[in-house]
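Novice: Listed here are the chains, written in short residue letters.
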Amino acid sequence: AQSVAQPEDQVNVAEGNPLTVKCTYSVSGNPYLFWYVQYPNRGLQFLLKYITGDNLVKGSYGFEAEFNKSQTSFHLKKPSALVSDSALYFCAVRVYDQTGANNLFFGTGTRLTVIP
Amino acid sequence: DAEITQSPRHKITETGRQVTLACHQTWNHNNMFWYRQDLGHGLRLIHYSYGVQDTNKGEVSDGYSVSRSNTEDLPLTLESAASSQTSVYFCASSEGLPPLTNTQYFGPGTRLTVL
Chain A
1 AQSVAQPEDQ
11 VNVAEGNPLT
21 VKCTYSVSGN
31 PYLFWYVQYP
41 NRGLQFLLKY
51 ITGDNLVKGS
61 YGFEAEFNKS
71 QTSFHLKKPS
81 ALVSDSALYF
91 CAVRVYDQTG
101 ANNLFFGTGT
111 RLTVIP
Chain B
117 DAEITQSPRH
127 KITETGRQVT
137 LACHQTWNHN
147 NMFWYRQDLG
157 HGLRLIHYSY
167 GVQDTNKGEV
177 SDGYSVSRSN
187 TEDLPLTLES
197 AASSQTSVYF
207 CASSEGLPPL
217 TNTQYFGPGT
227 RLTVL
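Read top to bottom, the protein sequences are chains A and B.
The opening position of the first sequence corresponds to residue 1 in my numbering, with each subsequent residue numbered one higher.
The opening position of the second sequence corresponds to residue 117 in my numbering, with each subsequent residue numbered one higher.
The hints are simulated quantities; they were obtained by calculation from the structure and are not laboratory data.
Every value quoted in this text rests on a predicted model; they were computed, and no experiment measured them.
By construction, the Cβ of each residue, glycine as well, lies at the ideal position given by its N, Cα and C atoms.
Each hint should be verified, as a subset may be incorrect.
The following label-pair restraints were derived from C-beta to C-beta distances [unchecked claim]: (1) A/G16 <-> B/V168: 45 to 53 angstroms; (2) B/S200 <-> A/A5: 20 to 28 angstroms; (3) A/Q45 <-> B/S123: 15 to 23 angstroms.
Here are a few chain B residues that sit away from chain A, every Cβ distance over 10 angstroms (derived from the structure) [what the hints assert, rightly or not]: (4) I128; (5) T129; (6) T131; (7) G132; (8) V135; (9) S177; (10) R184; (11) D189; (12) T193; (13) E195; (14) S196; (15) A198.
Only chain A is shown next, with the shape it has when bound in the complex (with noise of 0.2 angstroms):
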């Protein structure tokens, strides 16, 4: 069966300092892969997908991740982080289920708190 799994609920990083949200994933096939973001109050917002190809995706605020697929990671990574960067990142897998849908699957969310 497919899944992603968020292995850290909260993180912690000192602003301008890089920051990593881990995702590890789980599914037969090719993996298509995506990362949310959810500020307080408000929807999830999308920041990047891999979809084929390099290995490195850029999106959305300077966030980046990378597809590594011996390891079944994918990694959210940000260079020097910002207090605004604050909020709770979901990462999420598409697959094709057994009736032909092709759903998203959500890990349980990490929370990135940006100290000052």
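Following the hints, position chain B against chain A.
Specialist: Just chain B, lined up with the frame of chain A:
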């Protein structure tokens, strides 16, 4: 600008009542989705639709129903609200093709409390 809206943003209801949450998108997207967000579970899919008159059950569909009579709207109905359905509900939409690679866009959410 095109957008996706949800109403109401907050709702308090009593156990056993029927509740309908509205979702409206102006992107003309074929695909629409309803999720619930609970602590420790992330987002879980309730129902989805790939076009007018098409509806499908997701991972946690028991106690919920949807109907798709036009492209813009996918209302979510709780037939008889239960306390276990207290949650934050998100609607999302995406373009039709190619379905595996397209991006879902989310509404602002509805916080539902069932007393």
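Novice: May I ask you to check that B/R184 keeps its beta-carbon over 10 angstroms from the closest beta-carbon of chain A?
Specialist: Fine: 15 angstroms to the nearest Cβ keeps B/R184 off the interface.
Novice: Would the least Cβ to Cβ distance between B/V135 and chain A come out above 10 angstroms?
Specialist: At about 20 angstroms from chain A, B/V135 clears the 10 angstroms cut-off, so the statement holds.
Novice: Does B/D189 really sit off the interface, with its C-beta more than 10 angstroms from all C-beta atoms of chain A?
Specialist: Label holds. Min Cβ-Cβ 17 angstroms, cutoff 10 angstroms.
Novice: Go ahead and decide if the range 15 to 23 angstroms is satisfied by the Cβ distance of A/Q45 to B/S123.
Specialist: Check passed, 20 angstroms falls within 15 to 23 angstroms.
Novice: Taking the closest pair, is the beta carbon of B/T129 still more than 10 angstroms from chain A?
Specialist: Correct as stated: the minimum Cβ-Cβ distance to chain A is 20 angstroms, above 10 angstroms.
Novice: With 45 to 53 angstroms as the target window, see if A/G16 and B/V168 comply at their CB atoms.
Specialist: 50 angstroms, holds
Novice: Checking the smallest CB distance to chain A, is B/T193 really beyond 10 angstroms?
Specialist: Consistent with the label, B/T193 stays out of reach of chain A, its closest Cβ about 20 angstroms off (over 10 angstroms).
Novice: Taking 10 angstroms as the cut and beta carbons as the points, is B/T131 off the interface with chain A?
Specialist: 26 angstroms, holds
Novice: Kindly confirm whether 20 to 28 angstroms is satisfied by the beta carbon distance between B/S200 and A/A5.
Specialist: Taking Cβ atoms as reference, B/S200 and A/A5 lie about 25 angstroms apart, which means the hint holds.
Novice: Examine each Cβ of chain A, and state whether all of them lie more than 10 angstroms from the Cβ of B/E195.
Specialist: 23 angstroms, holds
Novice: With d taken as the least Cβ-Cβ distance between B/I128 and chain A, does d exceed 10 angstroms?
Specialist: Check passes; 17 angstroms lies beyond 10 angstroms.
Novice: Just checking, B/S177 versus chain A, shortest CB gap more than 10 angstroms?
Specialist: Holds, since 12 angstroms exceeds 10 angstroms.
Hint compliance for this structure: every hint is met.
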